[in-house]
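K.L.:
Residue strings, one per chain:
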Amino acid sequence: MTELIERADTAADAPVVELSMQQAINRALRDLLTEDPEVLVFGEDVGALGGVFRVTDGLQKEFGDKRVFDTPLAESAIMGMAVGLAMNGWRPVPELQFDGFAYPAIDQIVNQVARMNYRTRGAAPMPITLRLPSFGGIQAPEHHGESLEALFAHTPGLKVAVPSGPADAYSLLLQSVRSDDPVVYMEPKARYWDRRPVRLREPSDPIGTSRIVRPGRHATLIAWGAMVHRCVQVAELAAEDGVDLEVLDLRWLKPIDAAGLAASVSRTRRAVVVHEAPLTAGLGAEVAALVTENCFRDLAAPVQRVTGFDVPYPAGPLEPQYLPTIDRVLFAVQRTLEY
Amino acid sequence: MAQENFTFTLPDLGEGLVEATVLEWQVAVGDVVERNAPLVEVETTKSAVVIPSPKAGRVVELHAEEEQVVPVGDPLVTFEVEAAADAPQAGIVGRVPAEEARPARRVRLRPPSD
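These protein sequence lines are chains A and B, in that order. According to our numbering, the first sequence holds residues 1 to 339 in order. According to our numbering, the second sequence holds residues 1 to 114 in order.
In short, the hints are calculated from the structure, not lab data. You may find that some hints are simply not true.
[Unchecked claim] The following label-pair restraints were derived from C-beta to C-beta distances:
no. : chain 1 : residue 1 : chain 2 : residue 2 : range
1   : A       : 205       : B       : 98        : 45 to 55 Å
2   : A       : 124       : B       : 16        : 50 to 60 Å
3   : B       : 43        : A       : 61        : 39 to 49 Å
4   : B       : 66        : A       : 45        : 52 to 62 Å
5   : A       : 241       : B       : 26        : 23 to 33 Å
6   : A       : 18        : B       : 98        : 16 to 26 Å
7   : B       : 83        : A       : 335       : 49 to 59 Å
8   : A       : 236       : B       : 26        : 47 to 57 Å
Even glycine gets a Cβ: it sits at the ideal position worked out from N, Cα and C.
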């Protein structure tokens, strides 16, 4: 891969570079492998091939096959191996190739990774970062697109990070891997090719901090992953109608930024949460509850949810019918404005 | 744009065929061919077929003479092709999403009075 950027942490004003999210994650992994000899990267096809999304491209060549290596096609074994490595002082960064294939590893993730620190009274922390290409937007076959964030956020012991673009992808991954707690780092597949000028920085916000992507005054759109981009599109269209929408990228789904949500919605008085996952018991319900608890007196309308439907995740060409569309989000905004 | 060589190997042309005989080359070294343009006619135990070019590029080497029997998987032809752009483009499951220039919408908003 082309050497594109300077190390961000050596200069407060790192140069601005054009980088896709794939390349930003690759860059973060390279910097982590460089700074910490205990970081290990492994998974199906992450070594010689460089990953199906080319995220680990060139890393095995640079760091050798003892630190960046291919595993058998066995997700439960990948996560089980991460547990054993973590107990022996390593800092594993396993990849499960697609989110649908996290299901075979759920026992290891929930019963071992998430609980080991608790079970051992802190004697065996699990500094594991599971990299999980997630969500939809590439019209993949069944099992290759899911939205598992509510499942992971509901599991005590796990942290959940979801970057929405290259700059956050870089700094959130640094934070995740350096954390001594296990983190599920969900990479929105639809944004892998999102290429934009970025300044790669050391993380400045603590874990669990949201980000205002676009300030506005009439309502707050709350989203994560690829839906952040969708909400920015909606906000730009709404601006043509004289409606000024704020877009809040949650970034961390566990811990969730209740204070950041409250600060934004207290100002705008209206909130619409947008996610790809099905409606029922989705994380939108958690966001709506937090906003209602913290902003009850300020709210001008009930919190609206725009989500996928309560159906199995549709494969291929049905996907655009399933994912929240611009019009569905605009309708929800109108409902809050007219309430 | 950088150039790189790509070698096309003889694919299995039926179910479990192990070889094919080259009947006639329809390209020569130095030719610039389009993707899907006729490349070579070969004969298997089932039929004679024309294999289309899998890439656009310049032919730099033909690996078999006419009448020669080529095992499946052996090199057939080497092309010089445009190297992939610096952004690593994966062969992925699914498709790379297209970025719409200006997203379409039908719903229009009315600003709140407050």
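K.L.:
Look at each hint and say if it fits the structure.
P.N.:
Against the structure, the hints:
1. A/205 with B/98: 45 to 55 Å: Given about 32 Å between the Cβ atoms, the range is violated.
2. A/124 with B/16: 50 to 60 Å: 52 Å, holds
3. B/43 with A/61: 39 to 49 Å: 42 Å, holds
4. B/66 with A/45: 52 to 62 Å: 39 Å, violated
5. A/241 with B/26: 23 to 33 Å: 59 Å, violated
6. A/18 with B/98: 16 to 26 Å: 19 Å, holds
7. B/83 with A/335: 49 to 59 Å: 51 Å, holds
8. A/236 with B/26: 47 to 57 Å: 52 Å Cβ-Cβ, so the 47 to 57 Å window holds.
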